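Please model the complete structure; the sequences and the hints are all you need to start from.
Listed below, chain by chain, are the residues.
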Amino acid sequence: MTTHAHDHPGHAAHVHVVPPPVLLAVWGALMILTVITVAATWVDLGAMNLVVALAIATLKAALVLLYFMHMRYDRPFHAIIFVASLAFVALFVIISLLDTAAYRPEMIPDYAPAMKGR
Amino acid sequence: MNLASSHGEAHDPHLAHHFPDAPTQFEAGKLGMWIFLATEILLFGGLFCAYAVYRANHPEIFMYAHQFLDKVLGGVNTAVLIISSLTMAWAVRAAQLGHQRALVRLLSATIALGFVFLGIKYVEYEHKWKEGLLPGTRYTPTAGESVSATAPAAPDPAPAAVPAGEASSIAHAARGPAGLAGEPADSQSPAAPAVPRNVQIFFGIYFTMTGLHGLHVIAGMITLMWILRRAVQGEFGPRYFTPVDLAGLYWHLVDLIWIYLFPLLYLIH
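Chains B and P are the protein sequences, given in the same order.
Counting from 1, one number per residue, gives the positions in the first sequence under my numbering.
Counting from 119, one number per residue, gives the positions in the second sequence under my numbering.
Calculated directly from the structure, the hints in this document are not laboratory data.
Small disclaimer: the values here were computed from a predicted structure and weren't measured.
Backbone N, C-alpha and C define an ideal beta-carbon position, used for all residues, glycine too.
Treat each hint with caution, since some may be false.
As the list claims (entries may be wrong) - A short, non-exhaustive set of chain P residues, derived as facing chain B with CB atoms under 8 angstroms: (1) I159; (2) C167; (3) A197; (4) I200; (5) L215; (6) H387.
Below you can see the structure in the form of structure tokens.
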């Protein structure tokens with residue numbers, strides 16, 4: 001809301017100009033998180049490695065969405081649309097995983113050797 | 119309000135007739151773009167689902183095959199896309215403020231970074247092609263000589279019996295899931311775990327996901343070139359920057375998807 005006469009608050013269009021320090025801070029955070037996600041693979045956390053990687057990726061995605069894509073300053077309805085699509089993808093993936101876990105692939109000789117003993 | 123009235127008498131060339139005023143048009147455009155981005159998430163969601171199901175059933179294939187991906191090139195490409203996201207977000211700011219020269223420069227930088235990304239992707243794809251690390255029946259790994267030191271060499275067991283080192287891995291890989299129980303005897307041999315079977319499906323997932331993402335990068339670059347051309351002509355400013363804003367949203371989404379692809383494909387632990 002720094003500049004021109006026509007985009008003052010209360011105007012119908014939600015126009016927000018992101019200041020350079022915010023842009024640079026978000027960019028710096030994204031770069032640091034990228035280094036962290038690479039470094040995290042050097043540490044053996046077992047199954048937690050995947051969780052950590054996805055958590056960092058989600059944090060990065062949130063930064064891009066909130067600041068670079070203006071979601072923080074935007075109409076909430078746009079965020080609802082986007083988050084709803086993520087929710088449906090999550091539903092899709094989770095139910096598919098539940099389905100595939102309901103079978104016993106180890107019954108097929110040598111098909112999924114790592115599944116044995118689960 | 120004052121914007122609407124000022125546009126009333128002097129007919130804004132960017133205002134379509136079916137919109138009462140510019141803010142309404144801007145909001146409609148943004149809403150449409152976010153709905154489109156949601157469909158893009160659903161499109162990639164199918165691929166992420168395939169990835170999740172296959173990885174859940176075959177973790178050993180992902181542990182093995184991801185070693186053939188170049189972490190350094192993947193990491194550099196991640197940085198390239200993040201920098202391009204910064205230049206894109208700054209370009210939107212420049213358009214909003216009417217900084218004409220900055221807008222042109224930042225859009226050019228974003229497009230150039232897109233070329234850098236595609237160039238690095240080309241180098242990666244070319245390596246995979248030369249090493250035979252391709253999907254389906256094209257999977258003919260020449261493991262050993264050309265593959266980097268991090269990748270395990272061709273399977274050691276019984277090198278004398280088989281004429282060439284590649285023969286064993288091809289035979290294992292080309293066979294489909296042994297659901298028909300035709301020849302369980304030799305496939306269950308203890309030598310098998312060295313190189314898991316059906317590695318080619320990892321490369322099918324890899325090429326489909328990164329390939330579709332690459333097509334999105336190309337589409338984003340074409341869009342940005344069109345936006346750049348209009349920016350050079352001085353079309354954008356504080357009163358009208360919708361196309362820059364919407365193209366930026368698309369570009370950021372492409373970055374967003376890569377943010378997930380990089381750890382899921384390159385950084386498997």
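Verification of the hints:
1. I159: 4 angstroms, holds
2. C167: 5 angstroms, holds
3. A197: 6 angstroms, holds
4. I200: 5 angstroms, holds
5. L215: Given a least distance of 6 angstroms, the restraint on P:L215 holds.
6. H387: 4 angstroms, holds
Consistency with the previously given hints is maintained throughout, with no hint failing.
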